[in-house]
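As they're listed, the protein sequences go chains Y and P.
So in my numbering, spot 166 of the first sequence is number 166, and the numbers just go up one at a time.
So in my numbering, spot 163 of the second sequence is number 163, and the numbers just go up one at a time.
These aren't lab readings, by the way, just hints derived from the structure by calculation.
A couple of the hints might just be wrong.
Claimed, not checked - Selected chain Y positions facing chain P (Cβ under 7 Å, derived; list incomplete):
{"hint": "1", "residue": "Leu204"}
{"hint": "2", "residue": "Leu243"}
{"hint": "3", "residue": "Ala250"}
{"hint": "4", "residue": "Met354"}
As the list claims (entries may be wrong) - No more than 30 Å apart at the CA atoms, straight line, and that leaves these computed lysine-lysine pairs for DSSO-like:
{"hint": "5", "chain 1": "Y", "residue 1": "Lys259", "chain 2": "P", "residue 2": "Lys19"}
{"hint": "6", "chain 1": "P", "residue 1": "Lys188", "chain 2": "Y", "residue 2": "Lys259"}
{"hint": "7", "chain 1": "P", "residue 1": "Lys84", "chain 2": "P", "residue 2": "Lys116"}
{"hint": "8", "chain 1": "P", "residue 1": "Lys188", "chain 2": "P", "residue 2": "Lys139"}
{"hint": "9", "chain 1": "P", "residue 1": "Lys146", "chain 2": "P", "residue 2": "Lys188"}
{"hint": "10", "chain 1": "P", "residue 1": "Lys145", "chain 2": "Y", "residue 2": "Lys259"}
{"hint": "11", "chain 1": "P", "residue 1": "Lys137", "chain 2": "P", "residue 2": "Lys187"}
{"hint": "12", "chain 1": "Y", "residue 1": "Lys259", "chain 2": "P", "residue 2": "Lys92"}
{"hint": "13", "chain 1": "Y", "residue 1": "Lys259", "chain 2": "P", "residue 2": "Lys116"}
{"hint": "14", "chain 1": "P", "residue 1": "Lys187", "chain 2": "Y", "residue 2": "Lys259"}
{"hint": "15", "chain 1": "P", "residue 1": "Lys139", "chain 2": "P", "residue 2": "Lys128"}
{"hint": "16", "chain 1": "Y", "residue 1": "Lys259", "chain 2": "P", "residue 2": "Lys109"}
{"hint": "17", "chain 1": "Y", "residue 1": "Lys487", "chain 2": "Y", "residue 2": "Lys558"}
{"hint": "18", "chain 1": "P", "residue 1": "Lys128", "chain 2": "P", "residue 2": "Lys187"}
Note that the Cβ used here is the ideal one computed from N, Cα and C, for glycine as well.
For reference, the chains in residue letters:
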Amino acid sequence: MEKLVHTFPPRREHETAHGHDDHAHHDPGFWRTYIFSPDHKVIGIQYGLTSLGFMLFGFFLMLLMRWQISKPGVPIPLFGPLLEKVLGSAAPHGALSPDLYNSFGAMHGTIMVFLAVVPLAFVAFSNLVIPLQIGAPDMAFPRLNMASYQAFVIGGVVMLTSFFIPGGAAQAGWTSYSPLATMIPTDGQIFWLVGMVFIITSGLLSAVNFIATVIQLRAPGMTWMRLPFFVWAQFVTSFLILLAFPPLEAAAVMQLMDKVAHTSFFLPTGLAVGGQLANVSGGGSPLLWQHLFWFLGHPEVYVLILPAMGIACEIIACNTRKPIWGYKSLVYSALAIGFLSFLVWAHHMYLTGMGTKVAVFFQTTTMIISIPSVIILTCFLISLWGSSIRFNTPMLFALAFLPMFGMGGLTGLPLGFNISDVHLHDTYYIIAHFHYVVAPGTIFALFAGIYFWFPKMTGRMMNEFWGRVHFWGSLVFMNVVFMPMFKQGMAGMLRRMADGGANYSAAVNSKAGAEVIGGLSRNNMELHTWILWGACVLGLVQIPFIINFFWSIKHGKKVDSDNPWNATTLDWQTATPPPHSNFPEAPRVYRGPYEYSVPGHDKDFTPQNEPPK
Amino acid sequence: MDFPYIVEPRRDTGLYNAKLGIWLFLASEVMLFGALFSAYVLLRVGADPGMWPHGWLNVYIGTANTIVLITSSITTVMAWVSCKQRQFGRFKFFHALTILLAMTFVCIKSYEYHDKFTHYEITLASGKFADGHLVEKSKDFDLAKKTGRVTIHGYEVEHEVELMDMQRPEARNIHREEITIPATDIKKMERYGPWHHTYLAIYFTLTGLHAFHVICGALVIGFLWGPGSRMWKTDPERFTNRIEVSGLFWHFVDLVWIFLFPVLYLL
Chain Y
1 MEKLVHTFPP RREHETAHGH DDHAHHDPGF WRTYIFSPDH KVIGIQYGLT SLGFMLFGFF
61 LMLLMRWQIS KPGVPIPLFG PLLEKVLGSA APHGALSPDL YNSFGAMHGT IMVFLAVVPL
121 AFVAFSNLVI PLQIGAPDMA FPRLNMASYQ AFVIGGVVML TSFFIPGGAA QAGWTSYSPL
181 ATMIPTDGQI FWLVGMVFII TSGLLSAVNF IATVIQLRAP GMTWMRLPFF VWAQFVTSFL
241 ILLAFPPLEA AAVMQLMDKV AHTSFFLPTG LAVGGQLANV SGGGSPLLWQ HLFWFLGHPE
301 VYVLILPAMG IACEIIACNT RKPIWGYKSL VYSALAIGFL SFLVWAHHMY LTGMGTKVAV
361 FFQTTTMIIS IPSVIILTCF LISLWGSSIR FNTPMLFALA FLPMFGMGGL TGLPLGFNIS
421 DVHLHDTYYI IAHFHYVVAP GTIFALFAGI YFWFPKMTGR MMNEFWGRVH FWGSLVFMNV
481 VFMPMFKQGM AGMLRRMADG GANYSAAVNS KAGAEVIGGL SRNNMELHTW ILWGACVLGL
541 VQIPFIINFF WSIKHGKKVD SDNPWNATTL DWQTATPPPH SNFPEAPRVY RGPYEYSVPG
601 HDKDFTPQNE PPK
Chain P
1 MDFPYIVEPR RDTGLYNAKL GIWLFLASEV MLFGALFSAY VLLRVGADPG MWPHGWLNVY
61 IGTANTIVLI TSSITTVMAW VSCKQRQFGR FKFFHALTIL LAMTFVCIKS YEYHDKFTHY
121 EITLASGKFA DGHLVEKSKD FDLAKKTGRV TIHGYEVEHE VELMDMQRPE ARNIHREEIT
181 IPATDIKKME RYGPWHHTYL AIYFTLTGLH AFHVICGALV IGFLWGPGSR MWKTDPERFT
241 NRIEVSGLFW HFVDLVWIFL FPVLYLL
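Isolated chain Y, as found in the complex (with noise of 0.2 Å):
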């Protein structure tokens, strides 16, 4: 390894690019290195930070919304004489208003899911490693790429925008199911949708360069069987953004032309709004948006969760010191829950009246698609045995990964069969069953992404001592605020209600008594005291992340060498942080992405592009 650093001695973005066509500039300066640069690198932790504070932004909302939730109207402590002086009489007395809280439900799940954790999941880590794994100078379209990025800005700052707008923010759920959200009196709808599709077109453009990165640029002998799980993951991904997110696009035109040109796309015949007939042509169909919106919003959560598992595995390799077990079962179930993650989108709609032999389809494809789930999940669990495991920060969270992902996956089985589901729907127990996918599922695979991959962007390691304080806290933080929603959800609490349940549940046991299935008890309605200041806490140990990540990065410990880790896979094997165009010379890979402790080898790791002796 010391050799190499020798060799290849780390570039900055300005020394001379080696026949780059789209620099011919020296010295391109601060906006073209750090801005407007082409560069996958630079790109990447450009979508890293803009998704992180997205994250950070999404759960504080999440943080006024818990307030409220456990107490209704009671004004909110710090926030709320700002949040009332910026937003007027949606937030009176600094307290929220239905209508904000609304809003902010929606901004929350959409900024989540669209803003942050793909952003961050997919095209932050695959821009990262992706050039740097199949040994490639960047990625396939370094233009593309950074227009990618330019949309995404764009359609974030158009959503955080509708905030401020008359009538606040998208009210109608991250899902904006018609003709609620055509007939809700904001225009924050139409930031929404408009947002949408910067959002979508960014991530198209996206999906386009990797796998045209995958495909072309793979460099000599990386064959696709010797591609780390990671690119297979971001790889398939890729494929599902490609193929799911423009049905979404034109959804969203077609709701765009329900708000603007007064379309009824989705607004059936008959259509009443506030007791009046609404003024519209009908004849729309409202099941139309919920079959566009789930055929993107189904595979959309295998692009929140395969990437994880490409990063869960790329470390788990790493810190066992064991080939995956594995490898191509690996690869083959991420392509079969990317073919099938198409199939099952209608799971999501017992409750529409679509009918039950539909229903029984989706249901028996929602039970095939968990199979392959299993599969990955089982291979990593396997890969443990009888290892001896390094247990630092990236693989604690990635460690964590696999219950937590666990629970959210076996917690979905109930949902995914449709008798069950009657029950369940639209309770709390949804919202801690895809939480726990999400949240300390994919999140924590990322929080693992981000301590590992780290050294390699900046030359230093994070701090270990509050990487644990930042482990232990968010895992048991996170299962104190999910964990009671089960509870919650079983016992009949629906979502959405702006206080919590506190008037429908007071309403319904007053007027029947006990015997009233659905009225909430009072130990229900309390666990929210407990998940709020579960929230706050795990807001308070992301703290020691936040500023360890800042400070680390010229502060932290230098690293020793290119490879800290002693990884196998190329991303290691280039100079610290990669140069412009990230190998001085294409590499030449040997062997499989994970021969860790193959015997009769002198050192427990070999690297690909290592010739064979």
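Start from chain Y and add chain P according to the hints.
Coordinates of chain P only, in the frame set by chain Y:
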């Protein structure tokens, strides 16, 4: 480390980067238009009996536009062939034709849009329906204040259903004349805009999105024809690839119209 496969194809895939890129992009475009076509199917299947319109568009104009677009696809191929044969003048000629044809298409499409926006369905106070193109509105015409009158060139029917199927044999014999209706007789007056009927909604959305693609494609081809053609002097092979890639996009836009035409005009 040089950037590979910008011009020459990779051996195992047989593609240069941009060509793969455009095929992937077109795959996503297929899903975009596919979703809109499936929306068309669902709206049509879900329409009340007899309330899905037929023959609202002029088949002759649509045919003419189809021919225009197919011809432009031919000139696009010829432009690419000319590049391959290293005949720059011929390339310029054929792509000039492509751009002209694209503009012709957009003009004809705008005429069709204009025709729809001057077409009114008027619900009369008597419960009948008048339907036709606007001739003139009197100066003081105001529907809300019930003043003035409006003249259309059209006809009256008893039921709205009769306005739907303009392909049925009796529809040929409809006698159109100038009808003047005072505002006091009008209950509701609506143009054939996208808000008028879900058929028109999907018609305007699909053809609007398609026209957007035509315009974008024409802009790209226009760039490659004009300032972008300087690359011919420095790197003719790469320029030829650009013509091929933009041509693939153009054929796709053409292909979408091949589906749009029968679906919207004929069925």
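For each hint, the structure was consulted:
1. Leu204: holds, 5 Å
2. Leu243: holds, 5 Å
3. Ala250: Hint on Ala250(Y): holds, closest Cβ of chain P at ~4 Å, below 7 Å.
4. Met354: Nearest chain P Cβ about 12 Å off; hint violated.
5. Lys259(Y) to Lys19(P): violated, 37 Å
6. Lys188(P) to Lys259(Y): holds, 21 Å
7. Lys84(P) to Lys116(P): Given that 30 Å is the threshold and the Cα spacing comes to 44 Å, the pair is violated.
8. Lys188(P) to Lys139(P): At roughly 19 Å apart (the allowed maximum being 30 Å), Lys139(P) and Lys188(P) satisfy the hint.
9. Lys146(P) to Lys188(P): holds, 11 Å
10. Lys145(P) to Lys259(Y): With a Cα-Cα distance of about 27 Å, the restraint between Lys145(P) and Lys259(Y) holds, given a limit of 30 Å.
11. Lys137(P) to Lys187(P): holds, 16 Å
12. Lys259(Y) to Lys92(P): The hint is violated at about 44 Å.
13. Lys259(Y) to Lys116(P): Cα-Cα ~20 Å, so holds.
14. Lys187(P) to Lys259(Y): It holds: about 24 Å lies between the C-alpha atoms, which stays within 30 Å.
15. Lys139(P) to Lys128(P): holds, 25 Å
16. Lys259(Y) to Lys109(P): holds, 24 Å
17. Lys487(Y) to Lys558(Y): Not satisfied, since the Cα-Cα distance of roughly 47 Å exceeds 30 Å.
18. Lys128(P) to Lys187(P): holds, 10 Å
Consistency note: the structure conflicts with the earlier hints numbered 4, 5, 7, 12, 17.
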